[in-house]
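Mapping the sequence shown onto the working numbering, position 200 (from 1) lands on 200, and the numbers just tick up by one.
Treat each hint with caution, since some may be false.
Computed list of lysine-lysine pairs in BS3-like fashion (alpha-carbon distance at most 27 angstroms, straight line) [stated by the list, open to error]:
1. Lys189 x Lys264
2. Lys232 x Lys195
3. Lys8 x Lys85
4. Lys195 x Lys8
5. Lys66 x Lys85
6. Lys189 x Lys66
7. Lys8 x Lys66
8. Lys264 x Lys228
9. Lys85 x Lys18
10. Lys228 x Lys85
11. Lys18 x Lys66
12. Lys195 x Lys228
13. Lys85 x Lys195
No lab work stands behind these hints: they were computed from the structure. Owing to the predicted nature of the structure, the values given are computational and were not obtained by experimental measurement.
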Amino acid sequence: MQQQSVAKALNAITYAAKREASAGSGDIASAASVNTTRAGLALGDAKAQKQERTATTKNEQLQEVKFVPQSALPEGQAYEDFIFKTAQVPTRDGLHDFFNGLCWHRFPLAKRRLNQLQAAEIDTQGIRATRGPVRDALTLFDENVVLMHAPDDVWAALQARDWLRLFVDLRDQWQQVHLVLFGHALLEKLVTPYKSITAHVYRVDSDINPHDEAALDAWLVQDLQPAKLATKPYEPLPILGVPGWWPANAERAYYEDVNVFRPKREIVAKTTHDFA
Numbered sequence: 001m002q003q004q005s006v007a008k009a010l011n012a013i014t015y016a017a018k019r020e021a022s023a024g025s026g027d028i029a030s031a032a033s034v035n036t037t038r039a040g041l042a043l044g045d046a047k048a049q050k051q052e053r054t055a056t057t058k059n060e061q062l063q064e065v066k067f068v069p070q071s072a073l074p075e076g077q078a079y080e081d082f083i084f085k086t087a088q089v090p091t092r093d094g095l096h097d098f099f100n101g102l103c104w105h106r107f108p109l110a111k112r113r114l115n116q117l118q119a120a121e122i123d124t125q126g127i128r129a130t131r132g133p134v135r136d137a138l139t140l141f142d143e144n145v146v147l148m149h150a151p152d153d154v155w156a157a158l159q160a161r162d163w164l165r166l167f168v169d170l171r172d173q174w175q176q177v178h179l180v181l182f183g184h185a186l187l188e189k190l191v192t193p194y195k196s197i198t199a200h201v202y203r204v205d206s207d208i209n210p211h212d213e214a215a216l217d218a219w220l221v222q223d224l225q226p227a228k229l230a231t232k233p234y235e236p237l238p239i240l241g242v243p244g245w246w247p248a249n250a251e252r253a254y255y256e257d258v259n260v261f262r263p264k265r266e267i268v269a270k271t272t273h274d275f276a
């Protein structure tokens, strides 16, 4: 039996989602959503965690992009520009583009917003040797972001890169943390996990229910603004440090590996100066 291409498989998922939505049985699962109170990291299959969505969002999802072979992208045209103008996503066979397609299904509004912003930057700045701060931030979001809904103490420790406080002292507070894996390159890395995998965390407003993915998707559309993105509003997070996501992190020593859990640069600089 001939193996189906990734593009065809993703289009089949789109078709199945439309049928389920029209039948009133929900839509595509949140396969990569992981609550940190679980015993471990489990991506699940594509129908493991069905989420209810509003009728409006369901109607918008019926206008999903189409996935096409990579060869459909004309030579010399930017990938993002092609998607914006044709509503078609050039797709290679392999996990990277497969996970990208699943993200399109799961967060259609946010993915469209990212694409609109990329296309606007290309329209005004053109294609240059360097992407510029906004396009860099957009690409980073698309590829490597994890969305975090967390208490202020947890967020402050993450910003300070105070890893022992974050993961050891505040470990109980991680029961109140909700993470959503968004970046498709991040998902691909986690297929064969290693300790130093580092995600870029984007904080979700406290008044957003992180379990309502329709609301989260809509919120991202409003929150993803060029001025904010230009500041690169991300915090690095060694993702296998999340309590319960990797067996070895049950031990304090796991977080004492400074090659992975690195202090902020200004802290390193101050320490070096103090001993000079």
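Against the structure, the hints:
Restraint check for Lys189 and Lys264: satisfied, since their Cα atoms lie roughly 24 angstroms apart, inside the 27 angstroms limit. Note on Lys232 and Lys195: the hinted pairing holds, with a Cα-Cα distance of about 24 angstroms set against a maximum of 27 angstroms. Note on Lys8 and Lys85: the hinted pairing holds, with a Cα-Cα distance of about 21 angstroms set against a maximum of 27 angstroms. A threshold of 27 angstroms between alpha carbons decides the hint, and for Lys195 with Lys8 the separation of about 34 angstroms lies outside it, so the pair is violated.
The suggested pairing of Lys66 with Lys85 holds, with an alpha-carbon distance near 12 angstroms, which does not exceed 27 angstroms. Taking the CA atoms of Lys189 and Lys66, the gap is about 25 angstroms. The hint holds against a cut of 27 angstroms. Proposed proximity of Lys8 and Lys66 is supported: the alpha carbons are some 9 angstroms apart, at most 27 angstroms. Straight-line distance between C-alpha atoms of Lys264 and Lys228 comes to about 22 angstroms, which keeps the hinted pair within the 27 angstroms bound.
At roughly 23 angstroms between alpha-carbon atoms, Lys85 and Lys18 fall within 27 angstroms of each other, so this suggested pair holds. Distance check on the hinted pair: Lys228 and Lys85 sit about 25 angstroms apart at the alpha-carbon level, within 27 angstroms; holds. A distance of roughly 13 angstroms separates the Cα atoms of Lys18 and Lys66; the hinted pair therefore holds under the 27 angstroms criterion. Under the criterion of a C-alpha separation no larger than 27 angstroms, the hint pairing Lys195 with Lys228 is inconsistent with the structure, at around 30 angstroms.
Restraint check: the Cα-Cα separation between Lys85 and Lys195 comes to about 40 angstroms, which exceeds 27 angstroms; the hinted pair is violated.
Violated hints, in rising order: 4, 12, 13; the structure is consistent with all others.
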